[in-house]
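K.L.:
For chain A, the structure is supplied; the task is to place chains L, X, S, C, Z and H on it using the hints.
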Amino acid sequence: MSLNIKPIADRVVVEAAPAETTTAGGIIIPDTAKEKPQQGTIVAVGNGKKDEPMTVKVGDTVLYGKYAGTEITYEGKEYLIMRESDIYAVI
Amino acid sequence: MSLNIKPIADRVVVEAAPAETTTAGGIIIPDTAKEKPQQGTIVAVGNGKKDEPMTVKVGDTVLYGKYAGTEITYEGKEYLIMRESDIYAVI
Amino acid sequence: MSLNIKPIADRVVVEAAPAETTTAGGIIIPDTAKEKPQQGTIVAVGNGKKDEPMTVKVGDTVLYGKYAGTEITYEGKEYLIMRESDIYAVI
Amino acid sequence: MSLNIKPIADRVVVEAAPAETTTAGGIIIPDTAKEKPQQGTIVAVGNGKKDEPMTVKVGDTVLYGKYAGTEITYEGKEYLIMRESDIYAVI
Amino acid sequence: MSLNIKPIADRVVVEAAPAETTTAGGIIIPDTAKEKPQQGTIVAVGNGKKDEPMTVKVGDTVLYGKYAGTEITYEGKEYLIMRESDIYAVI
Amino acid sequence: MSLNIKPIADRVVVEAAPAETTTAGGIIIPDTAKEKPQQGTIVAVGNGKKDEPMTVKVGDTVLYGKYAGTEITYEGKEYLIMRESDIYAVI
Amino acid sequence: MSLNIKPIADRVVVEAAPAETTTAGGIIIPDTAKEKPQQGTIVAVGNGKKDEPMTVKVGDTVLYGKYAGTEITYEGKEYLIMRESDIYAVI
Chain A
1 MSLNIKPIAD RVVVEAAPAE TTTAGGIIIP DTAKEKPQQG TIVAVGNGKK DEPMTVKVGD
61 TVLYGKYAGT EITYEGKEYL IMRESDIYAV I
Chain L
1 MSLNIKPIAD RVVVEAAPAE TTTAGGIIIP DTAKEKPQQG TIVAVGNGKK DEPMTVKVGD
61 TVLYGKYAGT EITYEGKEYL IMRESDIYAV I
Chain X
1 MSLNIKPIAD RVVVEAAPAE TTTAGGIIIP DTAKEKPQQG TIVAVGNGKK DEPMTVKVGD
61 TVLYGKYAGT EITYEGKEYL IMRESDIYAV I
Chain S
1 MSLNIKPIAD RVVVEAAPAE TTTAGGIIIP DTAKEKPQQG TIVAVGNGKK DEPMTVKVGD
61 TVLYGKYAGT EITYEGKEYL IMRESDIYAV I
Chain C
1 MSLNIKPIAD RVVVEAAPAE TTTAGGIIIP DTAKEKPQQG TIVAVGNGKK DEPMTVKVGD
61 TVLYGKYAGT EITYEGKEYL IMRESDIYAV I
Chain Z
1 MSLNIKPIAD RVVVEAAPAE TTTAGGIIIP DTAKEKPQQG TIVAVGNGKK DEPMTVKVGD
61 TVLYGKYAGT EITYEGKEYL IMRESDIYAV I
Chain H
1 MSLNIKPIAD RVVVEAAPAE TTTAGGIIIP DTAKEKPQQG TIVAVGNGKK DEPMTVKVGD
61 TVLYGKYAGT EITYEGKEYL IMRESDIYAV I
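Chains as they are written, first to last, in full-length UniProt numbering: chain A, 1 to 91; chain L, 1 to 91; chain X, 1 to 91; chain S, 1 to 91; chain C, 1 to 91; chain Z, 1 to 91; chain H, 1 to 91.
Next comes chain A alone, as it looks inside the complex (with noise of 0.2 Å):
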């Protein structure tokens, strides 16, 4: 489940959870409307700050702000890279 990325400092890169594709009911959500998810694993942690070593570590699952993070693609595929700070809870 790691990446071979190496975050700098306070970064981690998360690989954001699917999101859902069907409602509740069983309707099929169309593309545009699917909400971005806020539910991933992190794949690669940086080293930390100065002083402040980083509290999550590869394959955690985290919720995240709805606009945290920067998309990297790698190896043809989607991650967000995003600092620490931006990680609300490990679930």
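The hints are simulated quantities; they were obtained by calculation from the structure and are not laboratory data. Take the hints with a grain of salt, since some may be wrong.
Pair ranges (Cβ atoms, derived) [to be verified]:
(1) Pro18/Z x Lys77/H: 21 to 27 Å
(2) Lys57/Z x Gly48/L: 46 to 52 Å
(3) Thr41/A x Gly25/H: 35 to 41 Å
Counterexamples of contact, computed for chain S against chain X with all Cβ distances above 12 Å [claimed, not checked]:
(4) Lys6
(5) Ala9
(6) Gln39
(7) Thr55
(8) Tyr67
(9) Glu75
Sample of chain Z residues at the chain H side, in silico, Cβ under 7 Å [what the hints assert, rightly or not]:
(10) Glu52
(11) Met54
(12) Leu63
(13) Ile87
(14) Tyr88
(15) Ala89
(16) Val90
All residues carry an ideal CB built from backbone N, CA and C; glycine is no exception.
P.N.:
Chains L, X, S, C, Z and H only, in chain A's frame:
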């Protein structure tokens, strides 16, 4: 009353108290007129920031600002995740 | 005069002095023209921030800025909750 | 010349010097054209911020910015309450 | 691969990877539609800020933000000069 | 050349050099076209900020930004009061 | 190459390299189209900020941002005065 979420740093997860559904005089308040509650119960607490331990704990009833925190949905229920500094007081 | 609220960090709860209802000349001031009071009594005090103990205490009469603090309702009564730095002076 | 107010932290209370009522040539200046004075006398001084004692004292005549401070009314008289950093110089 | 430039403080000089000229399907992308690359190679590194040594080094392939850095022309060739904090990750 | 004003903290009082009244070619410049001078002489110096002694002294001729400082009138004469950091250089 | 100016703190005085007057192909560039140069030589250096000695010295050829610094005229010649942090690199 606790929740299986681990907020990062100085964040807390709050379960908002239900908004009042009737006025003092007994009139039912329609959904759109309900005031967003500013009181809630803490259900999860982070580890605090470096050298600043948390002062609130799970179970505390707290007052917070009208627009404090971000709504998250966890196991079908809505919570607010906010920084401890968004909390005004423990009552 | 104290209140069963524990403000977080450097916050204080202030009970605002009632606005004047008559002018110096005895004319009754209508509600809409009443000036929001800038003077009040402290009814609850937080523990202060790290390494910065509070300098005001419960019972102090204080002056504060016109738009300082946030109104909270507690047991049917209105209070202001503000940071100690929003207080100008103890009189 | 002192005042029974205790400003918080690095604040001072200043009694503004009366605005000039005649021009150098003796013409009476109407109220609306009077320049807001930028000079005053310190009547109360706070304890300073942590590790930064105050450098002005009660009785000092000071120059300050045109829009420095907040007007407060105390015992029927107007004063300015400002931070020491709003004061330019002692004259 | 190194460059005879000494960036100041925590700055690095990056040689951007050439933008793709054909799509995955083989269509030639016109110049105006080319995406500004977000990947490059570090060709010069500053000494870091006081007490914060650099974590990237010459030769590292890095990912950076779309609008990171300033373009400079050196010996007829274009480079980007940016702060280390503008770099997201080493790949 | 000194002035009986004691600037607070890292402030200095500068007497601006008179603006040029004729062009290099001898044409008299009307008042409205005169450039605000950016050069002046220091006539009073504060004690500096905590742990940062002042580096300029009374009598220094200094260059400063076009809009640096605040004009004050003292004993009928105009001066500029500014922070030492608004001064570019001693010439 | 040195200049009799003593910049304050972390400022430096830079003599900008003359803008190119002909294109690579030999066409004369009119004044209005000349690019403001981004390269220059340092002619005066301040003493640095507290605990941060300067890393550039008089004689260094430096690259800096297009809008860095303030133009000053000294003995009939134009210079740029800027903070060391406005300099990108020494070449």
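K.L.:
For every hint, state whether the structure bears it out.
P.N.:
Evaluation of the provided hints:
The hint said 21 to 27 Å for the Cβ distance between proline 18/Z and lysine 77/H, and at roughly 22 Å that hint holds. Judged by the Cβ atoms, the range 46 to 52 Å given for lysine 57/Z and glycine 48/L holds: they are separated by roughly 48 Å. Here the CB-CB span from threonine 41/A to glycine 25/H is close to 56 Å, at odds with the stated 35 to 41 Å. Here lysine 6/S does not stay apart from chain X, with its beta-carbon only about 5 Å from theirs, under the 12 Å limit.
Separation of alanine 9/S from chain X is inadequate, the least Cβ-Cβ distance of about 7 Å not exceeding the 12 Å criterion. Against chain X, the non-interface label of glutamine 39/S holds: every CB pair exceeds 12 Å, the least being about 21 Å. No Cβ of chain X approaches the Cβ of threonine 55/S within 12 Å, the least distance being about 19 Å, so the stated non-interface status holds. For tyrosine 67/S, the condition that its CB be more than 12 Å from all CB atoms of chain X holds, with the nearest at approximately 15 Å.
Look at glutamate 75/S: its CB is around 9 Å from the nearest CB on chain X, not clear of 12 Å, so calling it non-interface is violated. Here the hint on glutamate 52/Z is kept, as its CB sits about 6 Å from the closest CB of chain H, short of 7 Å. A cut of 7 Å between beta carbons decides the hint on methionine 54/Z: the least distance to chain H is about 10 Å, and the hint is violated. This hint holds: leucine 63/Z has a C-beta 6 Å from the nearest C-beta of chain H, less than the 7 Å allowed.
The interface hint given for isoleucine 87/Z holds, since its Cβ lies 5 Å from the closest Cβ of chain H, which is under the 7 Å cut-off. Annotation: tyrosine 88/Z was flagged as interfacial toward chain H, and the flag holds, the nearest CB pair being 5 Å apart, inside 7 Å. Against a cut-off of 7 Å between C-beta atoms, the interface hint on alanine 89/Z holds, since the closest Cβ of chain H lies about 4 Å away. Here the hint on valine 90/Z is kept, as its CB sits about 4 Å from the closest CB of chain H, short of 7 Å.
Checked against the numbered hints above, the structure breaks hints 3, 4, 5, 9 and 11 and satisfies the rest.
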